[in-house]
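Construct all of the structure, not just a fragment, from the sequences and the given hints.
Next come the chains, spelled out residue by residue.
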Amino acid sequence: MRKILAVWAAKLAIAGSKLLGKNGSSTPGTIALKICPDILTRLSGDIKKDIVAVWGTNGKTTTNNMILTILENQGSTVVCNKVGSNMLSGVVAAFINYATLSGKVNADYACLEMDEAYARIILKYITPTKIVITNLFRDQMDRYGEIDTTIKYIQEALGKAEDSLLVLNGDDPLTASLGTSHKNTVYYGISENLGLNLNETREGRYCRMCGSELKYDFYQYGQLGKYRCEKCGFKRPVPQYDGSKITSEDYVSFDVKGAHVDLPCKGIYNIYNALAAYAFADSCGIPQEKIVEGLQKYKGQSGRMEEFTIKNKLVVFNLAKNPASFNRSISNVLAEKRTKDVVIGINDNDPDGNDVSWLWDVDFEQLSDPSVISCTTTGIRAKDMTVRLKYCDIPPDKITTESRVKEAVMNAVNGSGERVYIVVNYTLLFSTKKILQELEEEYK
Amino acid sequence: MKLKIAHLYPDLLNLYGDIGNITTVTKRCKWRGIDIETDSIYGNEKIHFTDYDLVFLGGGSDREQLLVRDKLMSMKNEITSYVNDGGVLLAVCGGYQLLGSYYKLKEETIKGLEILNIQTEIGDKRLIGDVVIENEKFGTIVGFENHGGRTFINDHTPLGKVLHGHGNNDKDGVEGVIYKNVIATYLHGSLLPKNPVLCDHIIRLMLEQRGLDTELAPLDDASELDAHKYIVDRFTK
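Protein chains in written order, with this note's numbering: chain A, 1 to 444; chain B, 1 to 237.
Among the hints, a few may not be true.
Below are the DSS-like pairs computed for lysine-lysine, each with C-alpha atoms no more than 25 Å apart in a straight line [stated by the list, open to error]:
1) A:K390 with B:K30
2) A:K49 with A:K160
3) B:K104 with A:K152
Between beta-carbon pairs, the in silico distance windows are [said to hold, decoys possible]:
4) A:D38 with B:K137: 56 to 62 Å
5) A:E365 with B:T50: 30 to 36 Å
6) B:E45 with A:D108: 55 to 61 Å
7) A:L196 with B:D220: 33 to 39 Å
8) B:G123 with A:K160: 26 to 32 Å
Simulated from the structure, these hints should not be mistaken for laboratory data.
Since this is a predicted model, take the numbers as computed values, not measurements.
Here a beta-carbon is modelled for each residue, glycine too, at the ideal position from N, C-alpha and C.
And the structure:
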């Protein structure tokens, strides 16, 4: 009875927030939890096949949505927290959304993106049959203290899921180290050297097993690469799912297990996300041609290299949350050889992390490239970003500080570059997207 | 004539944008025509402290800090004489704690370099957030703190009085330490980019130690001071 009451109340809250036009999707979950604290255990018990949890610093939402696309493409019914509400209340809200008014969840799968630090709390109520971990980078440090704390939290969560299959990125030593003490693990990775050569902070160059320095044959990006510890023997595992023949002309493509995949999106890191989704789907026994078909149907999420046209100019919009994903985004900007005006938006709200020192860890120096005509900084910490660009030796007359997002976007659109690139961090995502949609409409 | 910075173990102590401090000192010298370079010190190489005009010690995770402590302990005498001879040392967060007598954790006590008579003890909650402090000579200094340790500085002169934030230990209302030519603080953010006055003070100390002219050509600091003022206004007004 309590369960049904909780479902009703939460559904009412969902309807209410939709009427108010809000994007927030965790409030209904909070209401349901108040009425029925073990609601998640009760609702998730109905899932017929697998419950998969996706953790990791970068690529969680993308990987989770690729998994969703594969599952739906082969006709399965799926509970999914699509919009990225990845704490307990967001996961509950996903189930509530799917539940019937009698409190039944009639789905084959649940695919759930979870915040790594909250997973240990969520796993009190639900045990995933499979857990995918994409990578571990520095993120929102002021909340977690430091990366070691995050890993401690993850290990605590894994302790509650001893029988689950772990799907791990073997190229990341921090992620791969989690598999050494887990009995049921598969790895994915890329064995060929991508030759990206970025100048950036590398997070986990020290062996988590014994503390000595890892030796690398090559780096892919961040601390991802082909590594080994000469002291204790910990090394990059041979991946069961090995991406090869990587191309990244406009969109990316790769081979895995003898199949060729053309992803309808840009960015090398999406190959890692697709390999994670592939490994998960394969472990579920989904036929290869169905997996490939699903991946090729994947549609990018908000702020993942989304394209708009304003005043006949192509505007490319990207979300970046931390040094690693900012470095990826900046590389994408520079992969474009045409001239461009760039907007960088930095907020310091809680979900972004209140501490912006990481701006100094990002290789913004790349933006001094002559193809970058101008840089406009925006968001709450626009001024910090301006200082950062100044110390990249970008001439002051190329930098504009404009904390209002709409004005910042228009400043770039009115620039003399052939394209506009916009990179913002988390809490600027929805507001900026709305502004871009409105501007696109206005100048049609 | 070239100034030299030793950046100690940037592979281990690289939390919180520490590199921003090196970038800022370097650019502010170069923009004035002062030649400067940085040696990144890794692994077990022996450091010849007398070759350097600034030694920078950043912050790292607990595990990495312990590795660094072991390396530095083997050079304790050399670092101590460097400081006693007026060598310029900037230590941030974990680097600050390592300069003291000890860092007492829940189960163990880590001995420090004993360059400063300060003691650090782990507290229940991490002290996290934006900070504004005031120093008589430099005016306001802004930054961001994130530390589990509470540091007590005894008779040392603090870097500043806390106007907003927690400071050394959330109790006595002060932040950091200035001792001889050592500046030690919990503030990152990074520290120096938004505090150009403090950065130029460090550059002057470096020049002075070399017996060079300490008169610095003025720079246009409008953006730095604007970003500085934003933090001061947001948290103290």
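Against the structure, the hints:
no.: 1; hint: A:K390 with B:K30; verdict: holds (13 Å)
no.: 2; hint: A:K49 with A:K160; verdict: holds (19 Å)
no.: 3; hint: B:K104 with A:K152; verdict: holds (21 Å)
no.: 4; hint: A:D38 with B:K137: 56 to 62 Å; verdict: holds (60 Å)
no.: 5; hint: A:E365 with B:T50: 30 to 36 Å; verdict: holds (31 Å)
no.: 6; hint: B:E45 with A:D108: 55 to 61 Å; verdict: holds (58 Å)
no.: 7; hint: A:L196 with B:D220: 33 to 39 Å; verdict: holds (36 Å)
no.: 8; hint: B:G123 with A:K160: 26 to 32 Å; verdict: holds (29 Å)
Checked against the numbered hints listed earlier, the structure breaks none of them; every hint is satisfied.
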